[in-house]
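Order-wise, the sequence lines are chains P and V.
Start counting the first sequence at 11; every next residue gets the next number (my numbering).
Start counting the second sequence at 8; every next residue gets the next number (my numbering).
Simulated from the structure, these hints should not be mistaken for lab results.
Nothing false has been slipped in among the hints.
What follows is a set of in silico ranges between Cβ atoms, one per label pair, in the way DEER data are often shown:
1) P:Thr-331 <-> V:Asn-226: 28 to 38 Å
2) V:Lys-321 <-> P:Gln-183: 33 to 43 Å
3) P:Thr-331 <-> V:Lys-83: 53 to 63 Å
4) P:Leu-65 <-> V:Leu-180: 31 to 41 Å
5) V:Glu-250 <-> P:Leu-24: 48 to 58 Å
6) V:Glu-213 <-> P:Glu-348: 44 to 54 Å
Chain P stretches covered by chain V per the calculated footprint, using a threshold of three residues with CB under 8 Å from any CB of chain V:
7) 118-132
8) 152-158
9) 162-170
10) 189-201
Cβ coordinates follow ideal geometry from the N, Cα and C atoms, glycine included.
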Amino acid sequence: MFLSRALRSSCRSLHTVTLFPGDGIGPQISDSVKKIFDAAEVPIQWEERQVYPILEPNGKTRIPDDAVESIFKNKIGLKGPMRTAIGKGHVSLNLTIRRTFGLYANVRPAKSVPGVITPYSKEGVDCVIMRENTEGEYSGIEHQVVPGVVQSVKLITRDASRNVAEYAFQYAQDHGRKNIVALHKANIMKMSDGMFLEQCREVAARYPEINYREMYLDSACLKIVSDPSKFDVMLMPNLYGDIFSDLTAGLIGGLGLAPSGNMGKDGIAIYEAVHGTADDLVEANKGNPTALLMSGLMMLRHMGLKSQADKIEAAVLETLTERKVITGDIGGTATNPEYADEICRKIKG
Amino acid sequence: VVSTQSTGQTFQHYFKQINLRTMLRRISSPAVSIGRAAVSTSAVPRTKYGGKTTVTLIPGDGVGPELAESVTTIFKEMAVPVEFEKIELNREQMKDEGSFDYAIKSLKRNGVGLKGVINRSADFRHHNLEFRGGLDVYANVVRCMSFEGIQTHHTGIDLIAIRENTEGEYSSLEHESVSGVVESLKIITQEKSMRIAKFAFDYAREHNRKKVTCIHKANIMKLSDGLFKACCKEVSEDYPMIEYEEQIVDNTCQQLVINPQQFDVMVMPNLYGNLVSNLAAGLVGGAGVVPSKSYGENIAVFEPGARHTWMEMKGMYVANPAAMVLSSAFMLKHLQLHEAGDLLIKAVKNVINRREVQTRDLGGSSTTPEMTRAFLNELDTLYKNQ
Numbered sequence: 011m012f013l014s015r016a017l018r019s020s021c022r023s024l025h026t027v028t029l030f031p032g033d034g035i036g037p038q039i040s041d042s043v044k045k046i047f048d049a050a051e052v053p054i055q056w057e058e059r060q061v062y063p064i065l066e067p068n069g070k071t072r073i074p075d076d077a078v079e080s081i082f083k084n085k086i087g088l089k090g091p092m093r094t095a096i097g098k099g100h101v102s103l104n105l106t107i108r109r110t111f112g113l114y115a116n117v118r119p120a121k122s123v124p125g126v127i128t129p130y131s132k133e134g135v136d137c138v139i140m141r142e143n144t145e146g147e148y149s150g151i152e153h154q155v156v157p158g159v160v161q162s163v164k165l166i167t168r169d170a171s172r173n174v175a176e177y178a179f180q181y182a183q184d185h186g187r188k189n190i191v192a193l194h195k196a197n198i199m200k201m202s203d204g205m206f207l208e209q210c211r212e213v214a215a216r217y218p219e220i221n222y223r224e225m226y227l228d229s230a231c232l233k234i235v236s237d238p239s240k241f242d243v244m245l246m247p248n249l250y251g252d253i254f255s256d257l258t259a260g261l262i263g264g265l266g267l268a269p270s271g272n273m274g275k276d277g278i279a280i281y282e283a284v285h286g287t288a289d290d291l292v293e294a295n296k297g298n299p300t301a302l303l304m305s306g307l308m309m310l311r312h313m314g315l316k317s318q319a320d321k322i323e324a325a326v327l328e329t330l331t332e333r334k335v336i337t338g339d340i341g342g343t344a345t346n347p348e349y350a351d352e353i354c355r356k357i358k359g
Numbered sequence: 008v009v010s011t012q013s014t015g016q017t018f019q020h021y022f023k024q025i026n027l028r029t030m031l032r033r034i035s036s037p038a039v040s041i042g043r044a045a046v047s048t049s050a051v052p053r054t055k056y057g058g059k060t061t062v063t064l065i066p067g068d069g070v071g072p073e074l075a076e077s078v079t080t081i082f083k084e085m086a087v088p089v090e091f092e093k094i095e096l097n098r099e100q101m102k103d104e105g106s107f108d109y110a111i112k113s114l115k116r117n118g119v120g121l122k123g124v125i126n127r128s129a130d131f132r133h134h135n136l137e138f139r140g141g142l143d144v145y146a147n148v149v150r151c152m153s154f155e156g157i158q159t160h161h162t163g164i165d166l167i168a169i170r171e172n173t174e175g176e177y178s179s180l181e182h183e184s185v186s187g188v189v190e191s192l193k194i195i196t197q198e199k200s201m202r203i204a205k206f207a208f209d210y211a212r213e214h215n216r217k218k219v220t221c222i223h224k225a226n227i228m229k230l231s232d233g234l235f236k237a238c239c240k241e242v243s244e245d246y247p248m249i250e251y252e253e254q255i256v257d258n259t260c261q262q263l264v265i266n267p268q269q270f271d272v273m274v275m276p277n278l279y280g281n282l283v284s285n286l287a288a289g290l291v292g293g294a295g296v297v298p299s300k301s302y303g304e305n306i307a308v309f310e311p312g313a314r315h316t317w318m319e320m321k322g323m324y325v326a327n328p329a330a331m332v333l334s335s336a337f338m339l340k341h342l343q344l345h346e347a348g349d350l351l352i353k354a355v356k357n358v359i360n361r362r363e364v365q366t367r368d369l370g371g372s373s374t375t376p377e378m379t380r381a382f383l384n385e386l387d388t389l390y391k392n393q
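Modelling step: build the complete structure from the supplied sequences, incorporating the hints.
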């Protein structure tokens, strides 16, 4: 069976990709993505798996075995929004997934979308946030020293910093990006951010054609809201990356349009929509699949399926620019399936 | 062209009248609150010789000295009853331990300071931090208001960012536990969180603000930011007339670039405060136009809101003095010299909104002295039209 599958794969170059539909509007927008990919004849076979937290007796949280196996086998995955129940004693699902697959680099491009007018559309935004995804302030190590005094540990390691720096420079080279700026607070956090910068500098020395700079995080915040067009690739530790990538998503129109990719070891790459589960939109099926779709396109490009990605992207941008059949969050009235159908129509020509 | 002498005389006469009015106002004013407490109810007697208050002035690094010069020029021409005790405390002077301690003593003695930003010195002592910790200047208040004359992506912004300034991520407690692994500690205490929350609500009440938003990341940092959030919630219950809400910091940054008009007063721990106040400053026109005030139990320090030294432009006199001048105007108000302070604020706003004299950051090419002269001319006009 394995042999025939391999033969089948090689004959039609069919790639098997794991799909985690997620919660809330997740399954609905995943359906749209599948429909659109079909219309564009993308050679992908989806392997759907459910993800939910399993609390083990030792207190650790894990996700179902079949989900884990699927990713380890296929290497590539697309993930919808997931809900983390509050107060059930387990760590957030997103964090668990990150740890399970060793997802060390989070890539969040932010590009102005035509048809979605924001105060920043005129000068245009086209930047990429590279965020270290495993450590930093999110180590989850906190304790109460004495009543009323809490200590939270931020961990920065040489290895993790180097890994994300290497990925960032490689990405910049592959995608023709000329500038990388490392954002930090090394004037205050001398050792931790200092170590992060040290690794960035070492990697930068190996890519002389890429222009490398460093900037204080607060300076960057000040400057990016004045003129975002001056920013290209930005590299930073975990917490800053989280905040900053939501900032850049805001510049282009919100989390409903922001794609995201996570790189893990051994070539694992999981792309996801970073918005929430939007439970209130489930009944009317009015969620916006654009973010998940854009993440899917990032995935296609990563897999080398550039022409299909371009075809789908052109159709999406055309639909958004026309502003006739668009979802509620960006000012329209269409439902999720109506929006998806419109894109499919444009793809089929 | 207005000659210094004539302006000095005019203002001197003007301020003789002011002091009487101010005295009358102080007698009839209600119970003192945060800022005023530092001046009138502190145990340390205020330095005052011959009716003039002494204020510590620390120009700092980069363009700091140029901005300080603007302030001293304006105060001299206005003949304001303020005497500056100037302390050079930049990178070069830092080598002498004594000068830093002297600065701290001076601030403690005078109770009021006006300062620029001090760059990190060669021996890695981060002086801005030590100022705040050593003097316990715990609340930093940055008010970001849109200027009509500055072209920005958003208009109609009027928010106040209140930042806890002594602990949090800036505790400077770091160590390398094993080679290649650095741990940095973030400390949040109940005492300081309660203190800043109370400050924020008192400030909101005093300035007739309607809403206080607590900015945190308690979904990830459950204990530390969770504690901060709980303290804010507890304090909010004592102020039922003020609306209270909580927001996660990444959402806040997003909301600030999409719809900044929704924010009123924001209270947050140290790091988020740094990011949010810089972000908000960028939204209304940049580091050159946003002032800030910092308060401790017995001390008030006034400085530009976005703390950047702009070392590259040192000595070139291109920096916008508006932020520093506005900070000094707030200082005047703190010293109960309200008329002078209000007049100065109005003059600065008029000059910026009129767009005739603009420094580089506002799109023009005027120099720092030219901008200062514009403020002075406007002051003169305003006084004449009183």
